[in-house]
Every structure is written in structure tokens, then in C-alpha cells.
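Here is how the chains run, residue by residue.
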Amino acid sequence: MAATNPRIKLPDIIKQGDVIEVKTLVRHEMETGNRRDKNGKPIPRDIINSFVAKFDGREVFRAEFGPGISANPYLAFQMRVPGPGIIEVTWTDDDGVQTVATAPLNIA
Amino acid sequence: MGHSIALSILNRRTFLTTAAAAVSLSPFIARGDEVPSALPSERSAEFKEVFAKLVGNAAPVEGKITVDLPETADNGNFVPITIAVNGPMTETDYVSAIHLLSTANPHAHVATFHLSPLNAVARVQSRMRLAKTQDVIVLAVKSGGEMLISTTGVKVLIGGCGI
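So the sequences go chain by chain: Z and W.
Mapping of the first sequence onto my numbering: residues 1 to 108, in sequence order.
Mapping of the second sequence onto my numbering: residues 1 to 163, in sequence order.
This is chain W alone, in the form it adopts within the complex (with noise of 0.2 angstroms):
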């Protein structure tokens, strides 16, 4: 019992996949033009609004938050994120906010995380809406005023619908 139903998710999933890779990749192969790569790099102007005001003169780094995100999003309603940044939690030395950003989302805004040293850990957990395919940004800012950054892309199958 337990083993059919398992079974019957895996083909209905395997079957959404291919199918909705098929339509995705159908315009292109018809044109004959190559296969783009399945994360479009389009940042929405209200995007680049948000994204320029919160960096501001800072240099993000790369490479010290980890973000964990399906690779593909079946439901763009329900998300699940879990963001860490790694490094010390200590009072001179902490993360201080985590801004969660959507690249092609109506509102480019997703969440604001306010921190400090009583969280010993800077991880957190949440779920997050995608209207379709795009990159999501994590920005860090810790308290000496040190900004990091992740850029995570997430296939979106079936859009958030009315985000």
C-alpha cells in the first residue's frame, strides 16, 4: 500500500518534470535556436530598486551564506527555505539581518530577518512564494557592517499563483 502510493507521486512528479521540460524547451527547438540555460537571469526593475538600496556602497562576498532550496519548486505557493550563514555569533562579532529577495516576483521584498548574539546560530527557516522560474537572493549583513551574499536559481513548475 504504503509502496503504490509512493510509487504513483514518483510518476506523477517524473511525469510533471518531463512534461513541463518538454514545453519549456519546444519554442527553442523549433526556432532551432540553442537551449538557453533553465535559469533566465532577468532581474525585475523593482528588483534592482530594492537590491541597490539595501547594498548600498557595500561590496557583497560571496561564498558564507548557505541557502537550501528545491532545484525545482513544484508548487511556486510553497517554498521551503532554510537560510545559514556561517561565521560567529558572538557580541562583537554577529549577523545582524538576513534580507530574503525574489528576482521576478510582483514584490521583489520576500522577508527581513532581524538578529543577534542570543541566536547563537544565524539560521533560519521558512516558506517562500515563487511566481515562476528566477534566481532568489539572500543578502547578510553582519555587524560590523560586512555584507555577504547568495544567489540561489529555482525552477518554478507551477507559478505562485496572485503573488
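If we strip away everything but chain Z, and leave its shape as in the complex, we get (with noise of 0.2 angstroms):
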């Protein structure tokens, strides 16, 4: 099942220079594969297995995760602002398929 509701938040006020903090937040089950369903049949496997935010198309973080992640996977990174720009957080899950957010970076 392909992540939904990709959210990105950031503080509401941003100078250049900053530290900030990027809090990001998507929809997902993070199905582990060790449940079985009622039936007794193993529920296979089915999580996001990679997320990747860049800045203006150049990367600034990047995670794995495994089924030790919780379900609707919550990240906080820092990051410095070296200015205006779009930040774009990419999550994959393990059938490849992509969820993208993005959000710009204002300011003040």
C-alpha cells in the first residue's frame, strides 16, 4: 500500500542562517511481515524503506528504515537555511513506489 497524506512542517518564521527544525510525516501501515492474519497466514512484508529530503534538488538528509519504525513514520531533521528554495521529501516503500511533499522555505 503506497504511503499517503505526505506532510512536511517547518517553523513559521525563517531567516537565512538559520537552524532549523524539518518535521515530516506521512501515512503508512509499516507492515513488519512477522503478523500473521486470522487465517494464520504470514501478512507479508510492506514498509518504507527510504526517505530522502533535498533542498533545491541537493540532498541534505537521507534514512533507511526498517520494521522497527513505527506505522505513519514521523522524522525531525536540522538543517541550516542557506536561503529560499523548495524543500522535497521523497518516502519509497518496498514496491518502489514513491510519495513526494514538498514545501517552500519562505524568508522573512
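Hints in this document: simulated from the structure, not taken from any laboratory.
As the structure is a prediction and not an experimental result, all values here were calculated from the model.
Yeah, the Cβ is synthetic: ideal placement off N, Cα and C, and Gly gets one too.
Incorrect hints may appear among the rest.
Calculated cross-link-like contacts (lysine-lysine; reagent style DSS-like; alpha-carbon spacing at most 30 angstroms) [to be verified]:
#1 Lys53(W) / Lys38(Z)
#2 Lys132(W) / Lys53(W)
#3 Lys64(W) / Lys23(Z)
#4 Lys54(Z) / Lys132(W)
Covered stretches of chain W, as calculated for chain Z (at least 3 residues, CB under 8 angstroms) [to be verified]:
#5 75 to 86
#6 104 to 111
#7 133 to 139
Two chains, two frames, a set of hints: combine them into the complex.
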């Protein structure tokens, strides 16, 4: 199942040179592959396994997830603001399906 | 209204903690054994393998990573974690990777975070699953190859089911 409802949250007021926290959230089951359904059949693993954040096309943060990351994966990281630009986050699931969110970084 | 809700949550939490403690201690008391430390130092075979592969020949240093985890997790499905590595984040000296490992989940490797000087601060926040009471290990790799380590015990009341 592809991820839905991708979100990026940035501080309201941003100045060039600030170190800001980029908060991200996406809706996804993160099925571990260890559970069984009510008939005893194993439920196949289906997780978001990759997270990439870019600022104006340049990678600023990347992560690999295992099944130990909770459902609806939340991730927050820090970055120094080089100037105005666009933050783009891509979540990729086990089938290679990508979910993308973008947010403008507006300088006050 | 607000007060009564807060109070009932508190009571429930206190009850759960006390009940879980009573249940977990009772077999030892019954056998007359000494009460063991609350956190087992057991390490899964998979953890040992993953850990050995990541560490290689490095000698990880303690004391430079701050890990915020609850002492007791009510729900092992959602355990908030904040990892911060103290030290510079300059072009020549920075934290390049942070590995998050579980010692007793079915899958030891929980996540790896890749950082660069663009981050300015090596601080990451997420939510993890914990199948049961265990140690959470964080390894940080610096640009020069130096490795840092942190071990945090978390008591889990209700394990993350099917992790």
C-alpha cells in the first residue's frame, strides 16, 4: 500500500542562516512481515524503507528504515537555511512506489 | 473537567506500572531468587551480527551521544526517540551516519540516518517499535571514521505486537 497524506512542517518564521527543524510525517501501515492474519497466513512485509530530503535538488538528509520504525513514520531533522528554496521529501516503499511532498522555505 | 481527565490517566498509568511490576517480579519472589535488574542485557543473535558488521574494527567511544527515550514505554508500538550527537558539523569534521539498533526486536536494524555539514546540528527525532523490554543501541559514525556508541534501557509494558 502506497503512503498517503505526506506532510512537511517548517517553522513559521525563517531567517537565512538559521538552523531549523524540518518535521515530516506520512501515513503508512509499516507492516513488519512478522504478523499473521486471522487464518494464520503470514502478512507480507510492506514498509517505507527509504526517506530522502532535498533542498533545491541537493540532498540534505537521507534515512533507511527497517520494520522497527513505527506506523505512520515521523521523522524530524535539522538543517541550516542557505536561503529561500524548496524542500522536497520522498518516501519510497518496498514496491518502489514513491510519495513526494514539497514545502517552500520562505525567508522572513 | 480537565483535571479529572488528567487524574484518571495518571491513575491508570500508575496502576499499569504497579501491576506490571508485580507480575514481572512475582516469579522471582516465589522462587526466592534475587530480584534481577529491570533491564536484561540479552542481545539477539541477529543484533550481534548487525552490530559486528557495523562496528568492524572500530572501538566505539561512549559519552558523546544523547538519546532521549522514555524509561518506561506504555506502548511498544510507538516509542518516541530523540538522538543528538554532540560535536562539530563542519566540512572537515561532522557526523556522517547514525545507526539505530534494537537488541531484542525480531529485526535488529531499526534505521540509519545519513547526515552532512548542511544539517549543522546532528539531531534526529522519530518513533520506534520495541517488542519487549530491552536496550536500544545508537552508533554514530564521524567523517574521520571515529565511532560513538550509546546504550539506553527501555522497559516496555505492552510490546509492539508483531514487530
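Against the structure, the hints:
no., hint, result
1, Lys53(W) / Lys38(Z), "violated, 37 angstroms"
2, Lys132(W) / Lys53(W), "holds, 24 angstroms"
3, Lys64(W) / Lys23(Z), "holds, 24 angstroms"
4, Lys54(Z) / Lys132(W), "violated, 35 angstroms"
5, 75 to 86, "holds (count 3)"
6, 104 to 111, "holds (count 6)"
7, 133 to 139, "violated (count 0)"
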